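Asks: Read off the chains here:
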Amino acid sequence: MADPNQSEQKPADGDLSDAELLELFAGHGVYRDNAAQYRGRLDGQLLINRCADCARYHQPPRPMCPNCWSFDVVPTPVSGRGTIHLLMYLHAGPPADGVDYHNGGHPVVVVELEEQEHLRVTGTVHEFGPNEPSIGDAVELDFLDRGGAPIVAFRPSHPTELNHPTKPDQPSLQEHRSQD
Amino acid sequence: MARSPMKDQIAIVGVGSTGFSRGDRSPLSLALEASTAAIRDAGLTAADIDGVVATAEAGAASAPLVVSSLGLTEVSHHSRPAPLIMFSLLDAAQAVFAGTADHVLIVTPVMMSSWNSRRATQDPWRRGARSSILPVPEDSANANAYATWAGRYMHEFGASKDPFARIAVNSRSNAAANELAAMRKPLSFDEYHAGRMIRTPLNMFDMDYPADGADAFVVTTAQRAAQLPQPPVLIHAATTGVYGKNTEDQLPSLKRHGQHVVVDHLKARSDLWIDDVDLFYPYEGFTIIALSWLENCGFCEMGGAERYLAEHWNDERQRIEIDGRIPLNTHGGSLSEGATRGTGHLREAVIQLRGQAGARQVEGAKVALVTPGGFFFNSQGAILRSA
Ligand SMILES: [Zn+2]
Chain S
1 MADPNQSEQK PADGDLSDAE LLELFAGHGV YRDNAAQYRG RLDGQLLINR
51 CADCARYHQP PRPMCPNCWS FDVVPTPVSG RGTIHLLMYL HAGPPADGVD
101 YHNGGHPVVV VELEEQEHLR VTGTVHEFGP NEPSIGDAVE LDFLDRGGAP
151 IVAFRPSHPT ELNHPTKPDQ PSLQEHRSQD
Chain P
1 MARSPMKDQI AIVGVGSTGF SRGDRSPLSL ALEASTAAIR DAGLTAADID
51 GVVATAEAGA ASAPLVVSSL GLTEVSHHSR PAPLIMFSLL DAAQAVFAGT
101 ADHVLIVTPV MMSSWNSRRA TQDPWRRGAR SSILPVPEDS ANANAYATWA
151 GRYMHEFGAS KDPFARIAVN SRSNAAANEL AAMRKPLSFD EYHAGRMIRT
201 PLNMFDMDYP ADGADAFVVT TAQRAAQLPQ PPVLIHAATT GVYGKNTEDQ
251 LPSLKRHGQH VVVDHLKARS DLWIDDVDLF YPYEGFTIIA LSWLENCGFC
301 EMGGAERYLA EHWNDERQRI EIDGRIPLNT HGGSLSEGAT RGTGHLREAV
351 IQLRGQAGAR QVEGAKVALV TPGGFFFNSQ GAILRSA
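One line per chain: the protein sequences are S and P, in this order.
Numbering-wise (the numbering used here), the first sequence opens with residue 1 and increments by one.
Numbering-wise (the numbering used here), the second sequence opens with residue 1 and increments by one.
Bound-form chain P, shown alone (with noise of 0.2 Å):
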């Protein structure tokens, strides 16, 4: 067992979201929405915070303005980490953990952008970020790297789009339940398939939904948690994880890359692996990482997920249910409740494990698998249970 000295220290008190939609705010709006309705939830009040991460998403508030915004007194640790949420969300933790702050503020806006949103290009107020040299179409990285993968993975598996879609129709039919998702309308095979290509063989329903919205949590001790209002949810075990060949077109196969390297140093530092999860939400910033997540944390086997989801697929639900007992993204994740970057993930299962989560919720909730990122370089996840 690896150390783990930080595992059930630390807990997660308040969660605060603007919801997802196609707005007209600023990032720094939706973010002081968020900040404070987390703060609030959590039962504190702007005198309590002593720590802002600011996650670095693009046109995102850095950490100092967040505190002026949110007229605090004055933070002992502050910080702007890498987008994706466990990289703040473990930036918060062990700051408490080590001392630097008590009661620390994660903030995380996200705003469709004129890269990932043909519509962003038409808004003058989005415009601005976008640069006047254009990049190569012949690039393996970002979004191409999901598309380039996805082919060699059906090419060497033998795959069809059919576990592709379970995920996306999937994500539909748990948003339908969720006030905060985006896209609540339910997404039937048919449409999925005559889904407009963007990046064969992806379509437009494997690639998460551009919106605007923020969310926002709390951490702070789980000693102090057992004082606040919210039933604590603690971290169990948290990690990041990037694996050395890590460049896009060098990756020498999808037998070893981040997601691997997350799921061995997951379960070298938890007592509660998949047997004991009742809660599972695999990020799906494309379609192709929810199935290679359900594949590295053993769900199934490497090229198993198009035989495991037919299998576990509750088809009055049209959704999937891992034993008739786990379902994934109840949110509706980041295809259907926006493309949150993992925040809506983490949310979702921190509200599920307080029981709070109305006509989604997953009876008798106590521990979640949340993991966030795709393969290169923010592959990351963590264990959360309840108190």
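Bound-form chain S, shown alone (with noise of 0.2 Å):
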């Protein structure tokens, strides 16, 4: 059987062999039936596969649609727009460039994109300023360097509309935050 993901997925770099790609994102866990979302990233795009026979989405890539059995998944780009639904902060891991474990740790985001219910994104989230981004909050993709490689990140699509303290009828994770 044909895989589309090899015979019809162009690398969008053009030119980034699969043992520079496997290089280039070293630590993050690619493998073949990934390997196209990770080319995307490397042309801006967010990719998704969905099926060509149900239409569904599904995360994280795999060869096959879960609902239909179709192997006539494709990575799609999608529009980066979502809402934080999972939230933490690190506060040690593993070095990485850019990333602080301390002053309040690094955060970690899982974001629901407005494709499809329950279709989700981990990244991280900067640009919130003086905000403390929060569980709800709508957020627009926005791919972060590290050392050539592109981070999944998010910021607040509505920058003026985060000008508001933690909303207090919530509980906020800041308040457990240590300050080391």
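I should point out that these hints are in silico values taken from the structure, not numbers from a laboratory.
Values in this document were obtained by computation on a predicted structure and should not be read as measured data.
C-beta atoms are modelled at their ideal positions from N, C-alpha and C, and glycine is treated no differently.
Keep in mind that a hint or two might mislead.
[Stated by the list, open to error] Residues on chain S that point at chain P, a partial pick, calculated with CB under 10 Å: (1) Phe25; (2) Gly29; (3) Ala92; (4) Val99; (5) Gly104; (6) Val109; (7) His118; (8) Leu119; (9) Val121; (10) Ala149; (11) Ile151.
Grab the two chains, each in its own frame, and use the hints to assemble them into the complex.
Replies: In structure tokens:
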């Protein structure tokens, strides 16, 4: 059976070999079934596998649509708009360029994309200024560079509307963060 | 009622433990100490053991290596199930039930490793396991998954860290009476809340305590158990469970994951449920996991753990006692006994059901609910009862 990932998807960057792709994204867990998504990042695109037969998206990328068992899954650009569904702060972790585990910690978010219910992408957030990101905040995609490897990041999609303190009726993760 | 032909047919007849600490022994050395202790405890010898289940913990010996190191003549069943004890217990029980072997040894050594302990990275004997390629911080799997979903739990239910603190303080209070436990110093609520943040909202006291040690068990038929020296503990029902959408960041909601699958299957196969249990061992590799087991087993409603644990708190003993009767994790759990990956929960349930827990003994305990595992890929549970 023809694999659409291999036959249809032209590497967006043009020249990176598979070996170079693996080296650039070392530690990201790149393998055959998600390589197209990492190539997409190099072109500034967030690609999510979508089924050509039933039109459902799925995450993380699999070689077959879990909804209808079609192998005709196509890495498809999405808007990158969504809302923060899960949020945490790392206060220790693997050393990485531009990642500060102190001063409140490094945020990790899981964003639910507007394209489909429960369709989510994990990354970090920035450009929140003095505001604290909160679960439910609207965000948009904005890749960060880490040693030439684009990292999935999100920024507030309506910065002017975020000039509020953390919502008083919701528990804030901020109260629980250490100041180390 | 679901099909349950194995109900009460298989017994745990031997337990052995090295205890848990930060030591300098190899996983094989620990595995052999626990194994020989469990076989002797069962009143058996090397000649009786014809099955070996060696849990696939990092660095742990394979079953054939355990077989040769124990000097066994030969075995007719051997396997290497994924970590968390119920995979191994079910495999051993099913082997005995199917007649593949008659007396099966289960052995699970755990080691603090460079991925869960900063100290371990400085130990040349452990450093070898560490990959030179660093993972990316923006990972939604493993430990990060429990921090993100703990935050979601607090957001959805307006929960504070108080119920998390109660799980941690409870474990430490109980570990004080357990000579096998790595951390036996009491923990105050103030100390808990001042704990170093590791993954907000989870701090160092919300995570299991990395330690070295091993537990071993021997299982056989209930009939054979009646001829052996220890009071038999019967496997009344046991199951593992995984939910379809189990990728950590894609879990649709906290309303359905592996724990719910396990609870549904246990209830369908058991004559006994939470009104009948005297002992409850909710795994707490992370505190949020134990809170979720409490709620998902039906002791209280979803999001109700904060109120429920405050109501069922014994202030004098600084521990949880459901209806003043059912204590939680009487051995100190993974948070305080050590990161046993559920072997400690199972071993303590067996010792309690035998009536051999000494100062920790819950008087007249006859039924235990043991629920190892988290939300995604290792949820599991068992109902054990005295014969
Ligand atoms: Zn499809």
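Asks: Next step is simple, just say for each hint if it's right about the structure.
Replies: We went through each hint and held it up to the structure:
no.: 1; hint: Phe25; in the structure: 9 Å, holds
no.: 2; hint: Gly29; in the structure: 8 Å, holds
no.: 3; hint: Ala92; in the structure: 6 Å, holds
no.: 4; hint: Val99; in the structure: 6 Å, holds
no.: 5; hint: Gly104; in the structure: 9 Å, holds
no.: 6; hint: Val109; in the structure: 8 Å, holds
no.: 7; hint: His118; in the structure: 5 Å, holds
no.: 8; hint: Leu119; in the structure: 8 Å, holds
no.: 9; hint: Val121; in the structure: 8 Å, holds
no.: 10; hint: Ala149; in the structure: 9 Å, holds
no.: 11; hint: Ile151; in the structure: 7 Å, holds
The structure meets every hint from the earlier list without exception.
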